[in-house]
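Number of protein chains: 2
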Amino acid sequence: MGCAPLMASSVSSPLKPRAREIVAAARILLEQEGPEGLSMRRLAERLGVRAPSLYKHLADKGALEAAIISEALAEQADAFEAALSGAADPLAQIGAAYRAFALAHPHLYRLINERPIAREQLVPGVEDRAARALVQAVGGDPDRARAAWAFAHGMVNLELNSRFPPGADLAAAWRQGIDAFRLVDLRGRQHARREPPA
Amino acid sequence: MGCAPLMASSVSSPLKPRAREIVAAARILLEQEGPEGLSMRRLAERLGVRAPSLYKHLADKGALEAAIISEALAEQADAFEAALSGAADPLAQIGAAYRAFALAHPHLYRLINERPIAREQLVPGVEDRAARALVQAVGGDPDRARAAWAFAHGMVNLELNSRFPPGADLAAAWRQGIDAFRLVDLRGRQHARREPPA
DNA sequence: AAGATCTGGTTAACACCGTTATCCAGCCTC
DNA sequence: GAGGCTGGATAACGGTGTTAACCAGATCTT
Numbered sequence: 000m001g002c003a004p005l006m007a008s009s010v011s012s013p014l015k016p017r018a019r020e021i022v023a024a025a026r027i028l029l030e031q032e033g034p035e036g037l038s039m040r041r042l043a044e045r046l047g048v049r050a051p052s053l054y055k056h057l058a059d060k061g062a063l064e065a066a067i068i069s070e071a072l073a074e075q076a077d078a079f080e081a082a083l084s085g086a087a088d089p090l091a092q093i094g095a096a097y098r099a100f101a102l103a104h105p106h107l108y109r110l111i112n113e114r115p116i117a118r119e120q121l122v123p124g125v126e127d128r129a130a131r132a133l134v135q136a137v138g139g140d141p142d143r144a145r146a147a148w149a150f151a152h153g154m155v156n157l158e159l160n161s162r163f164p165p166g167a168d169l170a171a172a173w174r175q176g177i178d179a180f181r182l183v184d185l186r187g188r189q190h191a192r193r194e195p196p197a
Numbered sequence: 000m001g002c003a004p005l006m007a008s009s010v011s012s013p014l015k016p017r018a019r020e021i022v023a024a025a026r027i028l029l030e031q032e033g034p035e036g037l038s039m040r041r042l043a044e045r046l047g048v049r050a051p052s053l054y055k056h057l058a059d060k061g062a063l064e065a066a067i068i069s070e071a072l073a074e075q076a077d078a079f080e081a082a083l084s085g086a087a088d089p090l091a092q093i094g095a096a097y098r099a100f101a102l103a104h105p106h107l108y109r110l111i112n113e114r115p116i117a118r119e120q121l122v123p124g125v126e127d128r129a130a131r132a133l134v135q136a137v138g139g140d141p142d143r144a145r146a147a148w149a150f151a152h153g154m155v156n157l158e159l160n161s162r163f164p165p166g167a168d169l170a171a172a173w174r175q176g177i178d179a180f181r182l183v184d185l186r187g188r189q190h191a192r193r194e195p196p197a
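Residue numbers (numbering that gives the first Met the number 0), protein chains in the order written: chain A, 0 to 197; chain B, 0 to 197.
These are computed hints drawn from the structure, not numbers from a lab. Nothing here was measured: the structure is a model prediction, and the numbers come from that model. From the three backbone atoms N, C-alpha and C, an ideal C-beta is built for every residue, glycine too.
Under 8 Å between C-beta atoms, here's a sample of chain A residues computed to sit facing chain B:
id, residue
1, R162
2, F163
3, A172
Just so you have them, the derived chain B footprint on chain A, three or more residues with Cβ under 8 Å:
id, region
4, 102-114
5, 139-146
6, 149-160
7, 164-171
8, 174-180
Pulled from the structure, derived: some chain B residues nowhere near chain A, Cβ distances all over 10 Å:
id, residue
9, R19
10, R40
11, A86
12, A87
13, G139
The whole structure should be built from the sequences, with the hints applied where relevant.
Pasting the structure below:
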């Protein structure tokens, strides 16, 4: 065989066209029905095909999920970078973007975060893009960026899982957290250290 | 029938003795094998019984999980209150307790947080105890308590799901977060508002 | 004491799930 | 035209939660 197709398809995305179709359909199914509704059989049905055929294109369900997750992380990074570009108060902007993304795609967010991540199955580098935006927003310190990330992550997680009491004022809690991570900035810290997170 | 057993067993825990045995075994199974290893059949096998018999004592798997979660939340509240009692820097103490509990029971922690919670199936009030401790540690403001909770929750969640890059200094990130939520305290805020969280 | 009821187990079965093995039709290349 | 690759098909295995029907023994009632 010629080596052309191997190279062409593995540059931007490691998936061949048919596999990308399947992943796209899987994502729609996931966002409509939630992680427990995403089954190989139901996915196949939507594609007008029988379940075993899917395995001609994807190794297993984990690979399917990893593909969806990679896609979602890339979109999340896009949203962060957009929120960051030319904004006063980048921290608040990126926090709002984080929450907006999660609320717009709750099932997707759950898929990403309900299990330990299979890092080796992800598209390489897709995690770092989102992280880089956060580090920048927080002033360059990776440790503080991780703390702020954890805050946003926790807020969204608790909100999506209905862990806050019914009457809780989430906007106020967000404000408290953002303020907490911003105020430290007013005291003597060196920012602009600008080293990549890992 | 006499009404005595009904009253006696539903005061402290709503479960009858046999059901409590089952829940105890389920928790062991969960902590050993993780949420995906917790199946009704495997649980029954450990109890020397067939799976359908379990349904004589628990409505369904969700009720089983809710019982485990209630138990775990109560223990978590215990740990928080212990960490809180007579400590300088209660915020750091409670943060450490939060992380320690999660790392000691990672599978349990995942069960609690991987899905939206079925609040009506929980033992009533068990959520509030842990919340109250946090509100107290943070100085009385429920919104700030929720923000701090989200931070701790997010840190643990990201750690357990391996979402931090391999070399990340988690202790430093914890310090950053704790400092962020404590430093606000040094500026003019009214604490000791001491109202219940919900 | 006898009968009814409750308790807590059983087996069989249903509808799903992810996955594998095997087969087969069509197409592309040599 | 022959061979191999591609992308479907069916059948099947072992696993899941769950329900229905049945049944032995204890216990309560009359």
